[in-house]
Amino acid sequence: MSALTKFFIIVIAVYTFNPISLFAQDDLSALIEGFEEPVINYASAAFKTTRVINGHSFENVGGGVMDVKISHRFGFLNSGGYELFGLDNASIRIGLDYGITKQLMVGIGRSSFEKTYDGFIKYKFFRQSTGERNMPIAAALVSTIALKTIKPSDPDIPNYFSSRLYFSNQLIVGRKFSDAFTIQIMPTVVHRNLVAISEEPNDVFALGIAARQKLSKRIAINGEYYYQLNKSDPEINNSLSLGFDIETGGHVFQLHFTNSTSMIEKGFVTETSGDWLNGDIHFGFNVSRVFTIVGKNRKKP
Amino acid sequence: MQNKLFFVSALSLFFLMQGNVNGQSKYYDKNCDVSFYSHTPIEDIEAKNTSAVSVLDVESGALEFAVLIKAFEFQKSLMQEHFNENYMESEKFPKATFKGQVTNISSVKMTTDGNYPIEITGTLTMHGVSKEISTTGTIKVSGGNIGGRSEFLVKPEDFNIAIPSVVKEKIEKELKVTVEANYSAYTN
Chain X
1 MSALTKFFII VIAVYTFNPI SLFAQDDLSA LIEGFEEPVI NYASAAFKTT
51 RVINGHSFEN VGGGVMDVKI SHRFGFLNSG GYELFGLDNA SIRIGLDYGI
101 TKQLMVGIGR SSFEKTYDGF IKYKFFRQST GERNMPIAAA LVSTIALKTI
151 KPSDPDIPNY FSSRLYFSNQ LIVGRKFSDA FTIQIMPTVV HRNLVAISEE
201 PNDVFALGIA ARQKLSKRIA INGEYYYQLN KSDPEINNSL SLGFDIETGG
251 HVFQLHFTNS TSMIEKGFVT ETSGDWLNGD IHFGFNVSRV FTIVGKNRKK
301 P
Chain F
1 MQNKLFFVSA LSLFFLMQGN VNGQSKYYDK NCDVSFYSHT PIEDIEAKNT
51 SAVSVLDVES GALEFAVLIK AFEFQKSLMQ EHFNENYMES EKFPKATFKG
101 QVTNISSVKM TTDGNYPIEI TGTLTMHGVS KEISTTGTIK VSGGNIGGRS
151 EFLVKPEDFN IAIPSVVKEK IEKELKVTVE ANYSAYTN
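Taken in order, these protein sequences are the chains called X and F. When you line the first sequence up against the working numbering, it's residues 1 to 301, in that order. When you line the second sequence up against the working numbering, it's residues 1 to 188, in that order.
Hints may be right or wrong, so weigh each one.
Claimed, not checked - From chain F, some residues computed to sit far from chain X (all C-beta separations above 12 Å):
| # | residue |
| --- | --- |
| 1 | 108 |
| 2 | 114 |
| 3 | 115 |
| 4 | 132 |
| 5 | 137 |
| 6 | 141 |
| 7 | 153 |
| 8 | 154 |
| 9 | 173 |
| 10 | 176 |
To be verified - What the simulated footprint calls covered on chain X by chain F, stretch by stretch (three residues with Cβ under 8 Å from a Cβ of chain F suffice, anywhere in the stretch; the number is not a length):
| # | region |
| --- | --- |
| 11 | 28-39 |
| 12 | 248-258 |
| 13 | 288-295 |
To be clear, the hints were calculated from the coordinates, so they are not data collected in a lab. C-beta: ideal position from N, C-alpha, C; glycine also.
Chain X on its own, in the form it takes in the complex:
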């Protein structure tokens, strides 16, 4: 072996096994990639607001954020031109939601329909994420209570306070499949302390499904359907709602058509009387405006 060959062998060997010298020729980009730490990538804004239409989506308001919701449902479209297709009548709910943390929120509301007060607590226990933690779905629990305060139709029979109370519990499981498309299912149980006739069940079980498809960055189309599993009254229909979300900065406007008059779970799941095929359709809207009450504490470096 000639000296020259030996020399080349040594040089090649040293170059191959000396990472420092190799590094010196490296691009900075490779170095920078090595520094980047793995992060959890949470999916956000699966729905524009915490409600799909009447019912909850799996989104929460942020921690320290208050959401004022003003919702209207006009009369049935089939009430004709004399009533301006329902616009002469409106039922309203004023609501106030607050995010205690980004996963826990509470809310109260008051509906003009049957003069009902309501409250809820919602805990989003799974957040959809990729990266360092992989969670294919989002999931939330919503528990509501409602108090009907309209004067009893027959004051002569005993009317207990407990008879005015309604409860619901709901599990929401969903996934944001793409930037534009989200779907969720909502098994729901509504408990009524008092029902009109003994044949009616106190507990109504329902399965809801809802989806949204974004049409543009700020406009989405939403649909929501609740199927009652143990419905006994033929006059009662399943709730079906279709609408648009329009987002403008701090506001979200939701414009929709629904056969439900009530805007709270006990009402739209179990008391929907309107029939789409009959034209018993309410036009309605929800306006949501958020206010940041407690700003985020920035991480100090």
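Please arrange chain F on chain X, whose structure you already have, making use of the hints.
Frame of chain X, contents of chain F only:
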């Protein structure tokens, strides 16, 4: 003959040692601060990212940054959501990068403490759009540590970020971006 071989090997190792010296000219910061600010009579917008990554080569002047868009923190969480969802589309474009050069790096004396004005040019890439930018900044050398700071203006429209007319009055046409880094020497 043996002596000659030894000599050549030693010589080649000497050249490799030079490679090591070059390696030590690299400085890094894994927690750079990148913030931007917009002021209008209607709304102030401010966001801060404290986890940007940067590498600076004080020999060649090569400078790079990588910034995760989702790591920008806003005071208002809805603003943060809109920033990611509607403006930066951070699912599609998770990172902003800068690859460039401190053009007058030779004027920075690593052995002498002091503030050195620097000129930076390079390519800023975000929202899928790359654009040449140039700006000025300072490098502060103190006791072998290097601090860097720079400010520059970014026009959202240059990066194909559309601002709808309803919020045009709430967002400045040009946003001021401030970058601060505290570099440590990179040893393998």
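Each hint, compared with the structure:
1. Here residue 108 (chain F) stays apart from chain X, with its beta-carbon at least about 17 Å from theirs, past the 12 Å limit.
2. At roughly 24 Å, the least C-beta separation between residue 114 (chain F) and chain X is larger than 12 Å, which holds for a residue marked as non-interface.
3. For residue 115 (chain F), the shortest C-beta to C-beta distance to chain X comes to about 21 Å, beyond the 12 Å cut-off, and the non-interface label holds.
4. No beta-carbon of chain X is positioned within 12 Å of the beta-carbon of residue 132 (chain F); the least distance is around 18 Å.
5. In this structure residue 137 (chain F) is separated from chain X by more than 12 Å, as the shortest Cβ-Cβ distance comes to about 18 Å.
6. No Cβ of chain X approaches the Cβ of residue 141 (chain F) within 12 Å, the least distance being about 20 Å, so the stated non-interface status holds.
7. Here residue 153 (chain F) stays apart from chain X, with its beta-carbon at least about 23 Å from theirs, past the 12 Å limit.
8. Against the 12 Å criterion, residue 154 (chain F) stays outside the reach of chain X, whose nearest CB is about 20 Å from its own CB.
9. No beta-carbon of chain X comes within 12 Å of the beta-carbon of residue 173 (chain F); the shortest separation is about 17 Å.
10. The Cβ of residue 176 (chain F) sits about 18 Å from the closest Cβ of chain X, beyond the 12 Å cut-off, so the non-interface label holds.
11. Check on the region 28-39 of chain X: 9 of its residues sit with their Cβ under 8 Å from a Cβ of chain F, so the three-residue criterion for coverage holds.
12. For the region 248-258 of chain X, the proposed coverage by chain F is satisfied: 3 residues have a C-beta within less than 8 Å of a C-beta in that chain, meeting the threshold of three.
13. Residues of the region 288-295 of chain X with a Cβ under 8 Å from some Cβ of chain F number 3, which satisfies the need for three, so the listed coverage holds.
The structure fails none of the hints (numbered hints given earlier).
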